[in-house]
Amino acid sequence: NAGVTQTPKFQVLKTGQSMTLQCAQDMNHNSMYWYRQDPGMGLRLIYYSASEGTTDKGEVPNGYNVSRLNKREFSLRLESAAPSQTSVYFCASLTGPWGDTQYFGPGTRLTVL
Amino acid sequence: AQKITQTQPGMFVQEKEAVTLDCTYDTSDPSYGLFWYKQPSSGEMIFLIYQGSYDQQNATEGRYSLNFQKARKSANLVISASQLGDSAMYFCAMREDNAGNNRKLIWGLGTSLAVNP
Numbered sequence: 001n002a003g004v005t006q007t008p009k010f011q012v013l014k015t016g017q018s019m020t021l022q023c024a025q026d027m028n029h030n031s032m033y034w035y036r037q038d039p040g041m042g043l044r045l046i047y048y049s050a051s052e053g054t055t056d057k058g059e060v061p062n063g064y065n066v067s068r069l070n071k072r073e074f075s076l077r078l079e080s081a082a083p084s085q086t087s088v089y090f091c092a093s094l095t096g097p098w099g100d101t102q103y104f105g106p107g108t109r110l111t112v113l
Numbered sequence: 001a002q003k004i005t006q007t008q009p010g011m012f013v014q015e016k017e018a019v020t021l022d023c024t025y026d027t028s029d030p031s032y033g034l035f036w037y038k039q040p041s042s043g044e045m046i047f048l049i050y051q052g053s054y055d056q057q058n059a060t061e062g063r064y065s066l067n068f069q070k071a072r073k074s075a076n077l078v079i080s081a082s083q084l085g086d087s088a089m090y091f092c093a094m095r096e097d098n099a100g101n102n103r104k105l106i107w108g109l110g111t112s113l114a115v116n117p
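From first to last, the protein sequence lines are chains W and L. First residue of the first sequence: 1, per the working numbering; consecutive thereafter. First residue of the second sequence: 1, per the working numbering; consecutive thereafter.
It is worth saying that the hints were derived from the structure and are not from the lab. As the structure is a prediction and not an experimental result, all values here were calculated from the model. By construction, the Cβ of each residue, glycine as well, lies at the ideal position given by its N, Cα and C atoms. Heads up, some of the hints might be wrong.
Said to hold, decoys possible - Cross-link-like lysine-lysine pairs, in silico, BS3-like; alpha carbons within 25 Å at most:
| no. | chain 1 | residue 1 | chain 2 | residue 2 |
| --- | --- | --- | --- | --- |
| 1 | W | Lys57 | W | Lys71 |
| 2 | L | Lys104 | L | Lys3 |
| 3 | W | Lys14 | W | Lys71 |
| 4 | L | Lys73 | L | Lys16 |
| 5 | W | Lys57 | L | Lys3 |
| 6 | W | Lys71 | W | Lys9 |
| 7 | L | Lys104 | W | Lys57 |
| 8 | W | Lys71 | L | Lys3 |
| 9 | L | Lys70 | L | Lys16 |
Unchecked claim - Residues of chain W placed beyond 12 Å of chain L at every Cβ, according to the derived structure:
| no. | residue |
| --- | --- |
| 10 | Val4 |
| 11 | Asp26 |
| 12 | Leu45 |
| 13 | Arg72 |
| 14 | Glu79 |
| 15 | Ser80 |
| 16 | Gln85 |
| 17 | Thr101 |
| 18 | Gln102 |
Unchecked claim - What follows is a list of derived Cβ distance ranges for each label pair:
| no. | chain 1 | residue 1 | chain 2 | residue 2 | range |
| --- | --- | --- | --- | --- | --- |
| 19 | L | Glu44 | W | Ser18 | 41 to 47 Å |
| 20 | W | Arg44 | L | Tyr64 | 21 to 27 Å |
| 21 | W | Thr15 | L | Ala71 | 49 to 55 Å |
| 22 | L | Arg63 | W | Asn65 | 38 to 44 Å |
When you get a sec, could you build the whole thing from the sequences and use the hints?
Here it is in structure tokens:
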């Protein structure tokens, strides 16, 4: 039981490049989330998926797209990376509908030059 | 308006002493949940403790307890017998249960705790 896994752990991109961050959970959770964490700003929600087949915008969705491929996997895509997207990205999952705990992946440290 | 407020950007505590990290929240939803997470310097987010709004007793998990004062809308984390390994960033978060099929958490900005030997 690996919990929530994320790949890659580190990534450096040039401005304008695209990439997809992968997230998978093996806990049979319904809801999955993508956050970004920047110094002094806590965790900000980018997108979330309350259940397979649904996705919704969070607090800071601009510049990102997501895909809930199946119940296990929730990917985050940067179509044209910008330096402002330099951040640590966390994926999380939550059993629903009355799940009590969000479980986090180890994070992806992304630098956009 | 900020829904989760952590007023202490940084805290210091001596090893083996107890420390309280403050968290106040704002919601009109009668059903909600409150969480504390720990983020050590290694970066992972570790779930510590959960309190539901209808729970009659304060939550406890080992050395962690949540001092839940519903009327004051506060959910302070108490760490007893601090250890050096408790040095980390601590985040308070809230889930509002009546926001449809929406299980988003609302996060505070965190408190940095340093435990001195």
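(request) Provide an ascending list of the numbers of those earlier hints which the structure does not satisfy. (result) Of the numbered hints given earlier, those the structure breaks are 3, 4, 8, 9, 10, 12, 17, 18 and 19, listed in rising order.
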